Amino acid sequence: MTKPPSGTPETVESLLPGEDRGPAPAQPATPGDGVTDPLALDAGLRKIWATGPGWQRFAAVNHSVVGVRFMVTALVFFTIGGILAMLIRVQLATPDSGFLEPGLYAQVFTMHGTVMMFLFAIPLFEGLAMYLLPKMLGARDMAFPRLSAYGYWCYLFGGTLLIVAMLAGAAPDSGWFMYTPLSSQPFSPGIGADVWLLGVTFVEISAISAAVEITVTILILRAPGMSMDRMPVFAWYMLTVAAMMLVGFPPLILGSILLEAERAFGLPFFDPLRGGDPLLWQHLFWLFGHPEVYIIFLPAAGALSTLIPVFAGRPLAGYRAVVAALVAMAFLSFGLWVHHMYTTGLPHLSLALFSAASTLVAVPTAVQIFAWIATLAQRRPKPDPEARPRTSVSMLHVFGFFFIFVMGGLTGVMLAIVPFDWQAHDTHFVVAHLHYVLIGGFLFPMLAAGYHWLPLISGRAHDGPAARLGFWLVFAGFNGTFFLMHITGLMGMPRRVHAYGPESGWHWLNLISSISSFVMAIGFAVIVIDLLMTLRFGRKAEPDPWQAATLEWAVPTLPPPPYNFAAFPRITGRADKLEPRKIAPVLARGEGYLGVVRHGWMETTGVSIARGEPDQIVILPQQTYLPLWSGIATGAVFLSLLFKVYPLAIVAALVVVALFLRWPVGDHADADRGDLPAGEGVMLPLSSEAAVPPAIWALRVLAVAGGALLASLLFGGLFLAISAPGWPPPVLPDLPLVPGVLAALALAAAWLASRMAARGDVLRGAPMLGGALAANAAVLGAVGWMIAALPPLQDHAAQAVLAAAMIWLGLHAFIGTVLAFNALRRLRSGHVSARRRIDIDLLRLWQAGLLPAGLVVLGFPSALKALALAALP
Amino acid sequence: MNAGTRILVAIAGAFSLWALVFTVIYAGHATGCETGWGLAPALGGIAPLRIVLVLIALAGLGLTLAGLWLLRRGAGLAPRLATTARLLTGAAAVATVYNFAFVAILPLCA
Chain V
5 MTKPPSGTPE TVESLLPGED RGPAPAQPAT PGDGVTDPLA LDAGLRKIWA
55 TGPGWQRFAA VNHSVVGVRF MVTALVFFTI GGILAMLIRV QLATPDSGFL
105 EPGLYAQVFT MHGTVMMFLF AIPLFEGLAM YLLPKMLGAR DMAFPRLSAY
155 GYWCYLFGGT LLIVAMLAGA APDSGWFMYT PLSSQPFSPG IGADVWLLGV
205 TFVEISAISA AVEITVTILI LRAPGMSMDR MPVFAWYMLT VAAMMLVGFP
255 PLILGSILLE AERAFGLPFF DPLRGGDPLL WQHLFWLFGH PEVYIIFLPA
305 AGALSTLIPV FAGRPLAGYR AVVAALVAMA FLSFGLWVHH MYTTGLPHLS
355 LALFSAASTL VAVPTAVQIF AWIATLAQRR PKPDPEARPR TSVSMLHVFG
405 FFFIFVMGGL TGVMLAIVPF DWQAHDTHFV VAHLHYVLIG GFLFPMLAAG
455 YHWLPLISGR AHDGPAARLG FWLVFAGFNG TFFLMHITGL MGMPRRVHAY
505 GPESGWHWLN LISSISSFVM AIGFAVIVID LLMTLRFGRK AEPDPWQAAT
555 LEWAVPTLPP PPYNFAAFPR ITGRADKLEP RKIAPVLARG EGYLGVVRHG
605 WMETTGVSIA RGEPDQIVIL PQQTYLPLWS GIATGAVFLS LLFKVYPLAI
655 VAALVVVALF LRWPVGDHAD ADRGDLPAGE GVMLPLSSEA AVPPAIWALR
705 VLAVAGGALL ASLLFGGLFL AISAPGWPPP VLPDLPLVPG VLAALALAAA
755 WLASRMAARG DVLRGAPMLG GALAANAAVL GAVGWMIAAL PPLQDHAAQA
805 VLAAAMIWLG LHAFIGTVLA FNALRRLRSG HVSARRRIDI DLLRLWQAGL
855 LPAGLVVLGF PSALKALALA ALP
Chain F
6 MNAGTRILVA IAGAFSLWAL VFTVIYAGHA TGCETGWGLA PALGGIAPLR
56 IVLVLIALAG LGLTLAGLWL LRRGAGLAPR LATTARLLTG AAAVATVYNF
106 AFVAILPLCA
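If you're matching them up, the sequences are chains V and F in order.
With the first sequence counted from 1, adding 4 to any position gets you my numbering.
With the second sequence counted from 1, adding 5 to any position gets you my numbering.
Think of the hints as simulated: they come from the structure by calculation, not from any bench.
One should not assume that every hint holds.
[Claimed, not checked] So these bits of chain F aren't anywhere near chain V, every CB distance computed over 10 angstroms:
{"no.": "1", "residue": "49"}
{"no.": "2", "residue": "56"}
{"no.": "3", "residue": "74"}
{"no.": "4", "residue": "86"}
[Unchecked claim] Using C-beta positions, here's what the derived DEER-type ranges look like:
{"no.": "5", "chain 1": "V", "residue 1": "729", "chain 2": "F", "residue 2": "99", "range": "36 to 42 angstroms"}
{"no.": "6", "chain 1": "F", "residue 1": "41", "chain 2": "V", "residue 2": "102", "range": "50 to 56 angstroms"}
{"no.": "7", "chain 1": "F", "residue 1": "41", "chain 2": "V", "residue 2": "741", "range": "29 to 35 angstroms"}
{"no.": "8", "chain 1": "V", "residue 1": "44", "chain 2": "F", "residue 2": "13", "range": "38 to 44 angstroms"}
Keep in mind it's a predicted model, so treat the numbers as computed, not measured.
Beta carbons are placed, not taken as given, at the ideal position from N, Cα and C, and that holds for glycine.
Please take these sequences and the hints and turn them into a complete structure.
Rendered as structure tokens:
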């Protein structure tokens, strides 16, 4: 840390570590730039950033509010999942127990897994990321606050749908991975499986929206000067996780859509009697399911990489190796999905590929573990050792993590070895392993994170001995519950059985497991009570109580105000080596970037990705009920599909589109504003006039998810063609040539029209936009023609797959139509100019991506046919 | 190539290549076994399918090592990012060898 010369007043510049110090602050660029009355600035910022009282809470879009809602809701679902776990353990405590009848037991274990994976783990880290990232990065909110709120409502409504179905006795009962054919219509005739497929897909909207949100926020919403190599390591973790979600979730969403289409309309994607294959579901599910384990682990690891250095009193050891390890882990995690399918009869060479990747992933995991140990091993006292706790509650949970996760990792390596997995497959050994990995790798770190950031989130200091008691109860209870499952598993106890006989020899082990599970539950109850007491009676937290070195602790008050920072600093060194206690008062005085209140706009800085140089002022949207209404309308779509009222589903979907069309931000974008002062002598354009505004980044990021979904679909079709029984079909479906050519030409025309609209005088671009709209409509028509020409879709998976690919194309052409309509509308309403061209650029970008993707889809039938014929015996 | 793209390629390029090689080998192997293509021993008693798979793996390794060579002086990246990129590219090279060596050894379709 470079100290200012004696007698020099402290400024943001003087307080930050200097590697490549930026230019000295210039003359104040606006009347409010430079020294401002902090109280007046605080009042002004609160007025425009605060969430209103009463019913206005439903209009909240602020990341702190939405983040906390995600976390609290996730903890409610965790409680529900925990109660279900208790029911399982009561059932298994004694041989031949009659506590739960088999059907109900199947619902209970299915919902336990579903709730914990989809409604607890993912949303909890999403909420934590939403809450922390803007504060860590130096922003006032996420890039798309309304998307966060919309994602939250989708999560809440989707999760509620699952729980209500369970209470109504219509819960899914095919296990949390819903294997076909068990989950297919003949073997699961009720609506339980539909509830799972639609409810989880509904919830996954929030995951995809969070992934887009997190990616764009980390890429461009950072404090000036915070280049990528200076980002706090938590941001690297979350950027990696978000990218994984964009690639990992689409296969599950696709699989759910295909299975629901099979159940609802008889399209036989997974029916081996009609050209489908149950193994396709396993591939699609585990393409999501295995990366999912790392998607859950990495945010927790990011929290560990942030808080361990705080308590060790030194920066993270091996920062570069840790970043490299987590990126490597992200990639490798996509190469192991088949290790859940070792027993499905794959050739040895395929097994070896996946077994090698499964063992390989242990290496980057170990790199992180050793980096944390090295950080702790080299701890040295901070300047004020008295103020630093020796062994905080957070560190207890870190200890719990080390012990439990390493054990889970080691059994993971055992299961990665094919011969061992063949023996342990579907036994309680696997149950033990996955709980050691997930509870060790997620729950303990998140509890550590919770205690670490509790003063930030609540403004309350935590110093309860009850928390230590809670930890030890959970730790002891956990090991008592799950360690013994390794033994029962090796003794042959299969997972998911509702009862076992007294002659099995598993009785005492199961009884001890069950008793221990209640010890663990009591531990959680103690933790919850302790937290509630802290929130209610805890003393007020002092600023930066842990002497952390990241920016989230430089907020002016605890808990932070809704705007986070009254001004933004210029970061000139690593953003995990700051001194928040010194920075906070300087920022609170408005010294730095954007330390003003202007037109009631919600401003934050946008920066270039690599260097972190400010390049735009991002105007964020005010509080609005639009996300709520959009969530309700989306819920209506899913409920209509669930109850098979399809016309209503179409109407509700159109309502969702109409609501989305109301999302574009208006007030600041109705005229050219030119470059505006942003503080520190810098002039910047508004995001609506910037070269690459956040919305363009969002579309690019979303294209990754769309591409992953298409790739999964094409993989599915080709997989069926070479692997499924009943191929080739008696009559290979041929798509008519004319609509295919028409669709290709229309795609090219739409791309060309959008490109011409974006070039030259955009104000004269209406005819081109109209042309793009018409061309997309032509694609839609051609797609309809091709689908109508197919043989009955229920007869064979070949035509069902082709129809699915065409529907993908049609849906994207429809979105192109909507984007063209939106650009036309915005052009006519005066929101488009040579500087404000985002609506047209969005269309151009969309069409540029859709053209090659569409041509691939149009060529897919030929590839499918060729492969099916080549695979003829 | 702008700075953002350069970072993306340097950080994610090598393992993206690993993922591509993984996909092509897995898909090519499955397709070859199902269609029966290239299974009959040909050159030196080695099945053409195996030769193709090995060549794909070697191409992946060669490109990864080329990337490592390009990164030796940092490729214009900030020092910390350059080190991270070198670590990742080196790790991808090791992963390529460890992961795909089996295509030269194990029975193809048994």
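Q. Can you name, in rising order, the numbers of the hints this structure does not satisfy?
A. Per hint list: single violation, 4.
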